[in-house]
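This is what each chain is made of:
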Amino acid sequence: MLDGFEETPLVERLKWVLAILLVIFLAAPSFIVIPMSFSSSDFLAFPPPSLSMRWYQYFLDSITWTQAARASLIAGTLTTLVSVPIGTFAAYGTIQLSQRLRMLVSGLIVLPAVIPSILIAIGLFFVLARIGMVGTMTGLVLGHVALAIPVVFVVMSAAFSQFDFSQERAARSLGARWHQAWLRVVLPQVGGPILASSLLAFVTSLDEVVVAMFVSGGGNATLPKVMFSALRDKIDPTIAVVSTVMLVVATVAVFVVLRKGASTLKA
Amino acid sequence: MTALNPAASLREADNSAHLAWDARLERLVSFAFTLPCLMVVALCVLVPCAWLFFLSAYGADGRMSLENYQRIVDGASYARIFVTTFQVALATVVACVVIGVPFATFINSLPPRRSVLFLAAVLLPFWTSLLVRAYAWLVLLQRTGIVNSVLMGLGVTNAPLELAFNHFATVLGMTHIMLPIFILPVLGAMRNIDRALIRAAASMGATRGYTFRKVFLPLAAPGIAAGAILVFVMSLGFYVTPAILGGGNVTVISMRIARSLSNYSNWGAASALGVLLLVFTALLFALSYGVQRILLSRQRS
Chain G
1 MLDGFEETPL VERLKWVLAI LLVIFLAAPS FIVIPMSFSS SDFLAFPPPS LSMRWYQYFL
61 DSITWTQAAR ASLIAGTLTT LVSVPIGTFA AYGTIQLSQR LRMLVSGLIV LPAVIPSILI
121 AIGLFFVLAR IGMVGTMTGL VLGHVALAIP VVFVVMSAAF SQFDFSQERA ARSLGARWHQ
181 AWLRVVLPQV GGPILASSLL AFVTSLDEVV VAMFVSGGGN ATLPKVMFSA LRDKIDPTIA
241 VVSTVMLVVA TVAVFVVLRK GASTLKA
Chain P
1 MTALNPAASL READNSAHLA WDARLERLVS FAFTLPCLMV VALCVLVPCA WLFFLSAYGA
61 DGRMSLENYQ RIVDGASYAR IFVTTFQVAL ATVVACVVIG VPFATFINSL PPRRSVLFLA
121 AVLLPFWTSL LVRAYAWLVL LQRTGIVNSV LMGLGVTNAP LELAFNHFAT VLGMTHIMLP
181 IFILPVLGAM RNIDRALIRA AASMGATRGY TFRKVFLPLA APGIAAGAIL VFVMSLGFYV
241 TPAILGGGNV TVISMRIARS LSNYSNWGAA SALGVLLLVF TALLFALSYG VQRILLSRQR
301 S
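Chains as they are written, first to last, in our numbering: chain G, 1 to 267; chain P, 1 to 301.
It is worth saying that the hints were derived from the structure and are not from the lab. Backbone N, C-alpha and C fix where the C-beta goes; we use that ideal spot for every residue, glycine too. Keep in mind that the hints are not guaranteed to be accurate.
As the list claims (entries may be wrong) - Capping the alpha-carbon separation at 25 Å, the derived lysine to aspartate or glutamate pairs in DMTMM-like fashion look like this:
no., chain 1, residue 1, chain 2, residue 2
1, G, K234, P, E162
2, G, K234, G, E12
3, G, K234, G, D61
4, P, K214, P, D194
5, P, K214, G, E12
6, G, K15, P, E162
To be verified - What the simulated footprint calls covered on chain G by chain P, stretch by stretch (three residues with Cβ under 8 Å from a Cβ of chain P suffice, anywhere in the stretch; the number is not a length):
no., region
7, 50–60
8, 64–78
9, 132–139
10, 155–162
11, 185–198
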């Protein structure tokens, strides 16, 4: 930033060393869980004394963990399927509102992102308890949809702010019904952002702990919920296995979206 | 605009009324598009929060009273929880500013291709769940962990240090989570600074430090303030990281709310704490808005 000033070589080198240390600080925790998941030890140890797959075997044999993985995948998929369409519609509708109404509506829609998640969790728990839906998948997905909506909304609002709405008006003045205009004109041009927001919505649900802790239960307990209680009770390398699995799922999703995004851009 | 009805009269007044009606319909349809989201937010956020306010105002005997709040004001244990929550949040903000501002300055000074690499490193933790990161820190910081082995190998300490299960570990874990959220707006503010101003200061003989303090920092200040307040507000609501890395030695408001409910089913205490947390959050966002306006108006003058 301070161009126009001479840098002394020593200061320059020191800056790089500090910056790289910081990158290690940021990146290290994401990576150390992978080698630990292959540990043969009964306890947490890094580096692992020797390598084995026993904790993966244990994970696959455990009903609690496999059931949790299934619940997480279902919750994540349903959350994505619900939050992406309604978030996209909301972003699309909001952009065409008057200034004041737009501020109000978008403020309300991003609210779940700024409110402490514990409040959403206990509030939702209270509401669901009243209607007897605590522990159901529907209740859990409802909470996760609320948390995913701000993410989808922000991404799609950014996408629509670049979109030339006269194209849609042109299509409709030429006789297209609104759903035709949407499917043929609007949607194909925001495919990338929709993929990106689907991914973010899925990961939001996959990683969510606090709402899941209160609202999900029994066979619907998600991976983060089971993992959180395991972290408080006994810590063994199964948690590293779960961490690795979640890391791999998230990373694969990113790559799929990037590849898909690149190919839709080309087409 | 949509229904250009060929049968409509060609008289101008008639047509304009038709168009106005269409425009109103269009606005209504636009608003209808936002309704599903608004309903979810209402059901998951507005109704529950209103319910919390309502619950917190009723005492154990079912009468309206402020006893839930009275208990929080009187009880020393509650005071300690509030102090802990604010201490941890403040320490996280300080750590983010001390690490984040120089790092953002550094990234901002790099040519685009290199800065992308560092930016990717900043964004990387976003892809790892909070739980996984808390767990990883636990492994790194435990008595037999790699940090202690390195410190002992270097001769810094003879016995393993207690690095996990305390305030230090909590603040470290939270800083790791909040740092990307802090750096992004700060970097955005720095990118918008007109480089000609910096060169002008240099050409007129200002020293490096003087330019940084008197030209660069004031211009970046609104971004830094916005980032810091955002980090502070979000830190007040943390639950998972203090629960795991604090190991029972750090109790923040969120944890107390959860415990009041899951152990004692005490809705009165939980809702009063929840309302206070909500009020603090709202006040801080209002403060953030005010600070932004002051800093921006000062910049203009």
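Regarding the pair P/K214 and G/E12, is the alpha-carbon distance no greater than 25 Å? Given pair P/K214, G/E12 holds - Cα atoms ~22 Å apart, limit 25 Å.
Taking 8 Å as the Cβ threshold, is the statement that the region 64–78 of chain G is covered by chain P upheld or broken by the three-residue rule? With 0 residues closer than 8 Å to chain P, the region 64–78 of chain G misses the three-residue bar; violated.
Measure nothing beyond the straight line between the CA atoms of G/K15 and P/E162; if it is 25 Å or shorter, mark the hint as holding. 30 Å, violated
For a C-alpha distance cap of 25 Å, please report whether P/K214 and P/D194 respect it. Since the Cα atoms of P/K214 and P/D194 sit roughly 14 Å apart, the hinted pair holds (cutoff 25 Å).
Whether chain P covers the region 185–198 of chain G (at least 3 residues having a Cβ closer than 8 Å to its Cβ atoms): That given contact is violated, which follows from only 0 residues of the region 185–198 of chain G lying within Cβ reach (below 8 Å) of chain P.
Just to be careful, I want the Cα atoms of G/K234 and P/E162 compared with a cutoff of 25 Å; is the pair within it? Cα-Cα ~19 Å, so holds.
For the pair supplied as a hint, G/K234 and G/D61, is the alpha-carbon distance within the 25 Å limit? With Cα atoms ~18 Å apart, G/K234 and G/D61 stay inside 25 Å; holds.
Confirm or reject the coverage of the region 155–162 of chain G by chain P under the rule of 3 or more residues with a beta carbon closer than 8 Å to the chain's beta carbons. Check failed, 0 qualifying residues.
Against chain P, does the region 132–139 of chain G show at least 3 residues with beta-carbon separation below 8 Å? violated (count 0)
Given hint G/E12 paired with G/K234 - CA-CA distance at most 25 Å: Violated - the C-alpha atoms of G/E12 and G/K234 are around 46 Å apart, more than 25 Å.
Just to make sure I understand the rule, a stretch counts as covered if three or more of its residues have a C-beta closer than 8 Å to a C-beta of the chain. Does the region 50–60 of chain G meet that for chain P? It is violated, with 0 qualifying residues against the three required.
Against the hints set out earlier in the document, violations occur for numbers 2, 6, 7, 8, 9, 10, 11.
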